[in-house]
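Assemble the whole structure, with the sequences as input and the hints as a guide.
Respectively, the protein sequence lines represent chains A and B. Residue 25 in my numbering sits at position 22 of the first sequence; the count goes up by one each step and never skips. Residue 430 in my numbering sits at position 273 of the second sequence; the count goes up by one each step and never skips.
No wet-lab data here; the hints were simulated from the structure. The model shown is predicted, which means the values in this text are computed figures rather than measured ones. One or more of the hints may lead you astray.
In silico lysine-lysine, BS3-like type, Cα no more than 27 Å apart, as pairs [as the list claims (entries may be wrong)]:
1. K251/B with K6/A
2. K6/A with K335/B
3. K251/B with K335/B
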Amino acid sequence: MNKVFAWIAFLFGVLYFILPLFGMAEFSLSMRRGVYSLDAYRVVLADPQFQATFTFSVVMALVTIAFGILLVVPTAYWVRLKLPGMRPWVEFVTLLPLVIPAIVVVFGYIRLYNTSSWLPMTGTATGTNILLMFGYSMLSLPYMYRAVDTGLRAIDVATLTEAAQSMGAGWGTILARVILPNVLPAVLSGAFLTLAIVIGEFTMAALLDRPAFGPYMQILGANKAYEPAALAVIAFAITWACMGLIQLSTRFSKHTRAMS
Amino acid sequence: MAETLRGRAANWLGLVPFIVFAVLFLILPTLYIVVGAFRTPEGAFTFQNIIGLNTASIRNAYWVSIKVSFMSALLGCAIGFAIAAAITLGSLPKRVRGPMITFSGVASNFAGVPLAFAFIATIGPAGLITMYLRTEWGINLRVYGWNLLSTWGLIVTYLFFQIPLMILIITPALDGLKREWREAAEVLGATGLQYWRMVAFPILFPSILGTMALLFANAFGAVATAIALTGPSLNIAPILLYAQIRGDVLGSPNLGYALAFGMIVITGLANTIYIVLRIRSERWLK
Chain A
4 MNKVFAWIAF
14 LFGVLYFILP
24 LFGMAEFSLS
34 MRRGVYSLDA
44 YRVVLADPQF
54 QATFTFSVVM
64 ALVTIAFGIL
74 LVVPTAYWVR
84 LKLPGMRPWV
94 EFVTLLPLVI
104 PAIVVVFGYI
114 RLYNTSSWLP
124 MTGTATGTNI
134 LLMFGYSMLS
144 LPYMYRAVDT
154 GLRAIDVATL
164 TEAAQSMGAG
174 WGTILARVIL
184 PNVLPAVLSG
194 AFLTLAIVIG
204 EFTMAALLDR
214 PAFGPYMQIL
224 GANKAYEPAA
234 LAVIAFAITW
244 ACMGLIQLST
254 RFSKHTRAMS
Chain B
158 MAETLRGRAA
168 NWLGLVPFIV
178 FAVLFLILPT
188 LYIVVGAFRT
198 PEGAFTFQNI
208 IGLNTASIRN
218 AYWVSIKVSF
228 MSALLGCAIG
238 FAIAAAITLG
248 SLPKRVRGPM
258 ITFSGVASNF
268 AGVPLAFAFI
278 ATIGPAGLIT
288 MYLRTEWGIN
298 LRVYGWNLLS
308 TWGLIVTYLF
318 FQIPLMILII
328 TPALDGLKRE
338 WREAAEVLGA
348 TGLQYWRMVA
358 FPILFPSILG
368 TMALLFANAF
378 GAVATAIALT
388 GPSLNIAPIL
398 LYAQIRGDVL
408 GSPNLGYALA
418 FGMIVITGLA
428 NTIYIVLRIR
438 SERWLK
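Have a look at this one:
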C-alpha cells in the first residue's frame with residue numbers, strides 16, 4: 004500500500020515535470036508542417052534581435068557576477084572576521100530581496116533615479132544599464148551571500164588572515180590571494196545561480212526599457228507560434244547547464260577538502 | 158582607549174560599501190514607495206491612497222492574486238510533500254532520489270517567460286496535450302472549461318516551480334525524522350496511520366506551513382510568467398502594478414505606490430510566517 008502510494012506520487016511528479024518539457028520540445032520542432040525540423044531554431048538563431056539581446060544579457064550577467072563578487076566576498080569576510088555581532092543583521096538585509104517583490108524595487112528605482120532626480124541614472128543608456136546591473140546584483144544578493152558565507156564557514160578565517168598578515172600581506176592581497184581561492188567553489192556556485200537568474204530576467208529589464216533577452220522572449224511570444232518554444236528549450240538548457248555547473252563546483256570543493 | 162575606538166571605527170569602515178549598496182538600491186527605493194503610499198501629490202501625509210485601493214477592480218486584482226498564490230502554494234505543498242515522502246521514506250529504489258533532487262533544483266529555477274512558453278506549447282489552445290486529446294480521443298478541453306489563460310491556468314503553470322521548491326525544502330526535514338520515533342511508536346502499538354497523525358505530522362507541521370508561506374510569497378511576486386502567459390488581460394496585482402508603472406493606468410501615481418505597498422505587506426507577512434515557523438521547526442529537526 005505504502006509502496007503503491009509512493010510510486011503514484013513519484014510517477015505523477017515525473018509526468019508533471021516531463022510533459023511541459025516534452026510539449027515545448029515537440030512544438031519547437033514542428034515549424035515545418037508534417038515533419039520535425041530545426042526550422043524554429045534556425046529562424047531564432049539567425050534573428051539579429053536574438054543575437055543582440057542574448058549578448059546584452061550575457062554581458063549583463065558577467066558584469067553582475069563581477070560586481071557581486073567584489074561586493075559580497077569582502078563584506079562576508081569582514082563580517083566574519085571583525086564584526087561577528089553584525090552577522091544576523093547583514094544576513095537579514097541580504098534576504099530582503101526575497102521578501103520585497105522585484106517589481107516594487109524597480110518601481111522605486113524609476114522614481115528615485117529618473118532624469119529629474121538627484122542621481123539621474125535613467126537619463127542615459129549607460130546609466131540605465133548600470134542601474135539594471137545594480138538591480139540584478141540586488142536580486143542575486145541572497146544567493147551570492149549565502150553561498151560565500153557558507154564557504155567561509157568551512158575555513159578558519161582568523162588564522163588564515165593572521166598567517167598572511169605576519170608574512171606582510173595587505174588586505175587586498177589577503178582577499179585576492181588567500182580568501183578568494185579558498186571560497187572559489189562557493190563563489191562559483193553563487194555566480195552560476197546569478198547567471199541563471201539574470202539571463203532570462205524580465206521584469207526589471209522591461210520596466211527599465213533595456214534590450215535584454217527576457218523582454219525579447221516576451222515580445223516574440225506575443226507574436227510568433229513556434230519560435231517561443233525554441234527559445235524556451237534554449238532557456239531550459241541554460242538553466243540546466245548552470246545547475247550542472249553548480250553541482251560540479253560543489254563536488255570540486257568536497258574533493259579539494261578531502262585532499263587537504 | 159582612543160586606539161581601540163579608532164580600531165572599532167575602522168572595523169565599521171569595512172562594511173561601508175555593502176551599506177551604501179543596500180541603502181541605495183534596496184532600502185531607499187522600497188522606502189520611497191512606502192512613504193509615497195502615505196502622501197498626497199503635494200507631499201502631505203494621507204491615508205487616502207490606501208483607502209483608494211478599495212475599488213472593485215483593485216480589490217479583485219489582489220483577490221485573484223491571493224487565490225492563485227494560495228492555491229498554487231497549497232497544491233505545491235501537498236504534491237511536493239507526497240513526492241518528497243515517496244523518495245525519502247517510501248520504498249522506492251534509492252537511485253530515483255538523486256535525479257529527482259537534481260531535477261527539482263533545475264525546475265525550481267525554470268520560471269519566468271520560458272516557463273509560460275512551455276505550458277502554452279503543452280496545454281495551450283494548440284498545445285501538445287490539447288491536440289492529442291482532441292484528435293485521438295475526441296475530448297475538447299475547452300468544452301470542459303479548460304483555459305490556460307485563466308486563474309487555473311496560472312496555478313497549473315506556477316506548480317511547475319512550486320512543487321520542486323517544496324521537494325527541495327521538505328526533503329531535509331523528512332530526513333530529519335528519526336527512525337527511533339517510528340520504532341518507539343510501533344513498540345507502543347501505533348499503526349502507520351497513527352504514527353503519521355500523532356508523531357510525524359505534528360513535528361513536520363511547522364516546516365510544511367512555513368514552506369507554504371514561502372511558496373505563497375514566491376507566487377505572489379511573480380510577474381514574468383503571468384505576463385508571458387496571459388498578456389495584460391488577467392487582472393492580478395503584479396500585472397496591474399506593471400501596467401501602472403508603464404502608463405499610470407490608475408490615474409494617480411500615489412495610488413500606484415499604495416498598490417505596491419500592499420504587495421510588500423502581503424509578501425512581508427507571508428515571509429514573517431515562514432521565518433517564525435522555520436525557527437519553531439528547527440527545535441525538533443536538527
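- Hint consistency between K251/B and K6/A [alpha-carbon to alpha-carbon, up to 27 Å]: Distance of about 13 Å is within 27 Å: holds.
- Query: Given the hinted pair K6/A and K335/B, is their alpha-carbon gap at most 27 Å?
  - Reply: Measuring from Cα to Cα gives roughly 20 Å; hence the hint holds.
- With a cut-off of 27 Å on the C-alpha distance, tell me whether K251/B and K335/B pass. Between K251/B and K335/B the Cα gap is close to 18 Å, so the pair holds against 27 Å.
In terms of the numbered hints stated before, the structure departs from none.
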